[in-house]
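Asks: Sequence:
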Amino acid sequence: MIQRPRGTRDFLPDEMERRRHYEGKLRSVAKRFGFRETATPIFEDSELFIMRSGPNILDELYAFKDKGDREIALRPELTAPTIRMFVNNMSNEPKPIKLFYFGQCFRYERPQSGRYREFFQFGAELIGSATPDTDAEAIALAVSMIEELGLKEYRLRIGHIGVLRQKLLDVGIPAENMAEILQKLDKKAYDEAGPIMEVLGVSQNSMDEIFEFTDTIGGVEVLDRVPGEPGDYLRTLASRLSAMGIDGYDIDLGVVRGLDYYTGVVFEVEAPVLGAEKQICGGGSYTLSQLFGGEEVFSTGFAIGFDRILLAMEKEGIEYESEGIDVYVVPVSDDTRPDAARITAMLRKAGISCDTDIMGRKMGKAMKYASTVNSKFVAIVGKTELESESVTLRDMSSGEQKLVLISELVKEIQF
RNA sequence: GCCGGGAUAGGGUAGCUUGGUUAUCCUGGGGGACUGUGGAUCCCCCGACUCGGGUUCAAAUCUCGGUCCCGGCCCCA
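In my numbering, each number is its position in the first sequence, counted from 1, plus 21.
Treat the hints with care, as some may be off.
To be verified - No farther apart than 30 Å at their CA atoms in a straight line, the calculated lysine-lysine pairs in the DSSO-like style are these: (1) 119 - 173; (2) 404 - 423; (3) 423 - 46; (4) 46 - 404.
Because the hints were derived from the structure by calculation, they are not lab data.
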């Protein structure tokens, strides 16, 4: 027996229906916000991802050489492909460009709770604008999506990587050490960050100031402590969010995000029910296009971990009920099968989801089957009914039945 | 890459400590009792010891290794 590869999943019909249902909700929210959907290839030139995230990610990439000796990688995320697409084909489109996408990504990592080797991301990118309103729009979209799915317990944290980056530059941290220090600060691992900074000649005073800064966490009021332009920027952002009815988030100036190209506002959403892998959304403003050969264009984007958010919803007890089908057509006896087939085809043409027995079952078993596939109605096709060009229509939830003319059937069911 | 716990019909499980008939029970699936009415009952049938090696007269059970799953560390774009 062949097993499914490590870290992958099969989605059976019930699960798939649930996934499509929520996927649809996310799409509809994105469209409501004026975003349009795009899709990029499942695999790309490996270089694309290396340029974005550095050579170290090669270890965690599904990368291979194709038959034409090209270095190919399954995409580990969707921002880089989207920005590549923008640079290749969309750079002259009117700004802002508002895009969203949904698709699977692949990472060669150790699977654990909420982490798979094949997983699904839903994301959005807002390209060509660099205002607080842009960031507010992105955050509002993310929040609206999470709300639309019905997730109750989540925590949004908003920070500003630009301020921290500048502070580190000001105290003399060279660019090549920046990533390492930021990584430590992200984890609030001050005992690890300290010695590194000390070696780089940072004074204890400056260090304390930076640590205090990254520990600036709280409501909007902590923004009073952020000086200068970034402070103004964040205050404007907060006011826009408030205008859109979004509050209850934390300002956390220690939110870092792993990558170099984030330039300003960064944000994360986590769902505490999830345990170790609890981050369900991450994003921020960045400039990436110039890396792929385009002009420098400011963007804000985020990605939602679709699998994780579904997992969180499950843990919160949000249940999805299968839709089932509208009608199951039951032939009473073998000689009415042609009529059952005819009626089934007619209903299907009218756009009604409809199924009928193809196993030669007797009526009782066919009724039972109709009930297990969660059919709203059963159309009973028998000789007596056919004499008056009718069928018996049974409402499966109430058990009520009535004689309905075949010509009236579609109308009857749609009502 | 590291640490720990697991894997028995499609799903959920008992058996494993202390090796020994035909591997338990529930659910599911197919058929029948019911020849024109589902979610009830009864009967029949289908279906499993993760894979490979070792110990043994004998392995689901003990042992070693692989694979996969679960939880955590590292990482997390």
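Asks: Look at each hint and say if it fits the structure.
Replies: Verification of the supplied hints:
Taking the CA atoms of residue 119 and residue 173, the gap is near 27 Å; set against the 30 Å cutoff, the hint holds. For the hint pairing residue 404 with residue 423, the CA-to-CA distance comes to about 15 Å; that is within 30 Å, so the pair holds. For the hint pairing residue 423 with residue 46, the CA-to-CA distance comes to about 36 Å; that exceeds 30 Å, so the pair is violated. Of the supplied pair hints, the one linking residue 46 and residue 404 is violated, its CA atoms being roughly 45 Å apart against a limit of 30 Å.
When the structure is compared with the earlier hints, violations turn up for hints 3, 4 and for no others.
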